[in-house]
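Trainee: The chain contents come next:
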Amino acid sequence: MAGMQPIEREWLEQYRRGDLDALGRLVEQYRRPLYSFILKMTEGRGDPEEVFQETWIRAIRNLDRFDDQNLLGWLFRIAHNLIIDRARKSRPEVQPSPRTGQTATTWFDQVAASGLGPATVTAGRDLGKQIELALESLPPEQREVFLLRMDGNMSFKEIAKVQGVSINTALARMHYAVRKLRNLLKDAYEGL
Amino acid sequence: MNCSKARKWLLLDDAGELPADRRARLAAHLAGCAECRNFAASLADLRGQYRAEGGAPNTPLPTLTAILTAARGLGPPPAPRRAPHVFWWSPPRALAAVAAAFLFFSALAVGLWRHRLAPSAARPSDAAIRAAVGLAIAAIENEWCALEGELAMARLEIGDWLSATEDPAAEGPAPVNEKGAGT
Numbered sequence: 001m002a003g004m005q006p007i008e009r010e011w012l013e014q015y016r017r018g019d020l021d022a023l024g025r026l027v028e029q030y031r032r033p034l035y036s037f038i039l040k041m042t043e044g045r046g047d048p049e050e051v052f053q054e055t056w057i058r059a060i061r062n063l064d065r066f067d068d069q070n071l072l073g074w075l076f077r078i079a080h081n082l083i084i085d086r087a088r089k090s091r092p093e094v095q096p097s098p099r100t101g102q103t104a105t106t107w108f109d110q111v112a113a114s115g116l117g118p119a120t121v122t123a124g125r126d127l128g129k130q131i132e133l134a135l136e137s138l139p140p141e142q143r144e145v146f147l148l149r150m151d152g153n154m155s156f157k158e159i160a161k162v163q164g165v166s167i168n169t170a171l172a173r174m175h176y177a178v179r180k181l182r183n184l185l186k187d188a189y190e191g192l
Numbered sequence: 193m194n195c196s197k198a199r200k201w202l203l204l205d206d207a208g209e210l211p212a213d214r215r216a217r218l219a220a221h222l223a224g225c226a227e228c229r230n231f232a233a234s235l236a237d238l239r240g241q242y243r244a245e246g247g248a249p250n251t252p253l254p255t256l257t258a259i260l261t262a263a264r265g266l267g268p269p270p271a272p273r274r275a276p277h278v279f280w281w282s283p284p285r286a287l288a289a290v291a292a293a294f295l296f297f298s299a300l301a302v303g304l305w306r307h308r309l310a311p312s313a314a315r316p317s318d319a320a321i322r323a324a325v326g327l328a329i330a331a332i333e334n335e336w337c338a339l340e341g342e343l344a345m346a347r348l349e350i351g352d353w354l355s356a357t358e359d360p361a362a363e364g365p366a367p368v369n370e371k372g373a374g375t
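Residue numbers (the numbering used here), protein chains in the order written: chain A, 1 to 192; chain B, 193 to 375.
Where hints are given, some of them may not hold.
[As the list claims (entries may be wrong)] Quick list of in silico lysine-lysine cross-link-like pairs, DSS-like style, CA-CA up to 27 Å:
#, chain 1, residue 1, chain 2, residue 2
1, B, K197, A, K161
2, A, K180, A, K89
3, A, K180, A, K129
4, A, K129, B, K197
[To be verified] Here are the simulated distance ranges between beta carbons:
#, chain 1, residue 1, chain 2, residue 2, range
5, A, Q69, B, R285, 20 to 28 Å
6, A, Q69, B, H307, 46 to 54 Å
7, A, Y176, B, G326, 46 to 54 Å
It is worth saying that the hints were derived from the structure and are not from the lab.
Here the structure is a predicted model, which is why all the values come from computation and not from measurement.
The beta-carbon is built from N, C-alpha and C at its ideal position, and this holds for glycine as well.
Pulled out of the complex, with its shape left as it was, chain B reads as follows (with noise of 0.2 Å):
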């Protein structure tokens, strides 16, 4: 592992987001690279000079009355989106549906194997097997993209097509990102 890889799995780290099998290589990292653990003690120092010191804002924190003033003359508060419930779509109905189209045809490819094994002048070849296996694969994948397809439409109708994390009254062109689509 480089020092650059290193540095940036302390990032991880730190905020928790480091997988558990990575933390092992990293403490190895560290064992032998004094610069990378000069980074993270001054990452540990920087958390906490600035939790202790730098974090307070000088000047007077905002009153709550402008804001609770505001929200009074707002009214209550709008109820959270709940999408509608569509009677011809639903996760389970869906994923029972692919479990019976996998189970049905894994059934036919189980028996067309053991057809094979029986003494028959009239025995499906392997080639004809592994192509009816390969059919009933593409199949299931057909339904699923099917499937996807469907549920894509079906949000966009109820105009579920705002991830509720982003801000929902963002001003003005989107911030071009590093790839230069606008998110």
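Chain A on its own, in the form it takes in the complex (with noise of 0.2 Å):
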């Protein structure tokens, strides 16, 4: 992923010298695509809104921890955590498994796939909410890494760092939802 922009760097600066109006700057530029990926994956569970302002104020907070390398993938990295997070104390008590006496050991267990959000059943021919509704089918590991690909624009790299797992996960994850994506897709493209 790209770092961070000279502008970008220099709205930092000048909010950590007490200019605010430089942290409003910084929040208005990543506001689209982080608010865009907290959205899409808190579908229909919870209050996206209050994950994107906790997701600042925690950022805010630690600021003294932020290494100045990338602050959008600093913040999608806790806006990640959150949802984990609110999940898991969403989620009703787990019994183990009967067999394996094993619990769910990921919070892709505990952030199912909602299968359908806010959005409706009948799509249309509104591309965009066709889009919507076909990342809502991924299974959620895939979604998150389709959604910090296109929206934070973040290397496999910083994804499986993110996910807490290894680049070649993370490549696979991305590799079955272009797959699935396309598949979906393709009489939305043949549409047009």
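Starting from two chains that each stand alone, build the complex the way the hints lay out.
Mentor: In structure tokens:
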């Protein structure tokens, strides 16, 4: 992923010197990709606006730990962990399997694919709506990789770090996501 | 190259992570594989369609007011952490020490080698010279390991053990990675 733009670094420095307007410019700069990611990952569950605000508040509180490399990537990482935490807290107590004695071990077991969120079942011919529905049908881990690439423009190395997996696993998830989306949207493409 | 590797390289190339020396091999594979070409086209199409149609949220974007209000309440942001200068440890000093040790032992090895060439009843054997050079290299490696250990201890002391790119206040147990270790 490309690092921060020079102007973004300048805004960050200005905010560190106390310029709140500079913070506003940074929030505005990243608002669309970050909120889009949160919205799509929390589709139908929780309050995405609250997650968005909490992501920024957490980032502001811990700005001393930011290494000035990639602020948007850091924000995505924080949002990812917030979504995990909220999914864990909202999920009912899971009983261990009688056979293995194990419960779900990954957050993706808890952030289950909603299937259909606020988007309607009948998508009509609107391509944007069809893309949204197609994304919702992906398993959460594949959806997340796709969104981190498309919304965050993150490298697979960074995505692997966010998800806590190997880079090969992140690549495989993206591969499956691309194939599935292509199959789901091929009718939409043919209609264009 | 098989298709599995080719598609992996395609994804890496799309993300700007594929080394330049691999692009030619990827191009050669694509020239002969229609399925991988289709995959590449799918990736490009999806990206274009997503960014044109699917990227923007359908709901209104959140306002900045709440964030700025919260930031005002938090006060000025904490200053970036700077590693304290530890007099006895600095990378340039360490590198200089390693370089000096390397030069010293190299000079010793060369001196021993030249002594071997001069006719002398007390000339050391080839095996002795090899052993001396091996000892010199081992000494440098030990010195390097010791310096790395000191650097790790210094970092622990100043609390600089967190990767700065990690979420600084992640709650709950760490996600399990595919090797089973927490991150």
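Trainee: Each of the hints needs a verdict: does it hold here or not?
Mentor: So, going through the hints one by one against the coordinates:
1. K197/B to K161/A: It holds: about 21 Å lies between the C-alpha atoms, which stays within 27 Å.
2. K180/A to K89/A: 30 Å, violated
3. K180/A to K129/A: Judged against 27 Å, a Cα distance of about 16 Å means the pair holds.
4. K129/A to K197/B: 33 Å, violated
5. Q69/A to R285/B: 20 to 28 Å: 26 Å, holds
6. Q69/A to H307/B: 46 to 54 Å: 53 Å, holds
7. Y176/A to G326/B: 46 to 54 Å: Roughly 51 Å apart at Cβ, these two residues keep to the hinted range, so it holds.
When held up to the earlier numbered hints, the structure conflicts with 2, 4 and fits the remainder.
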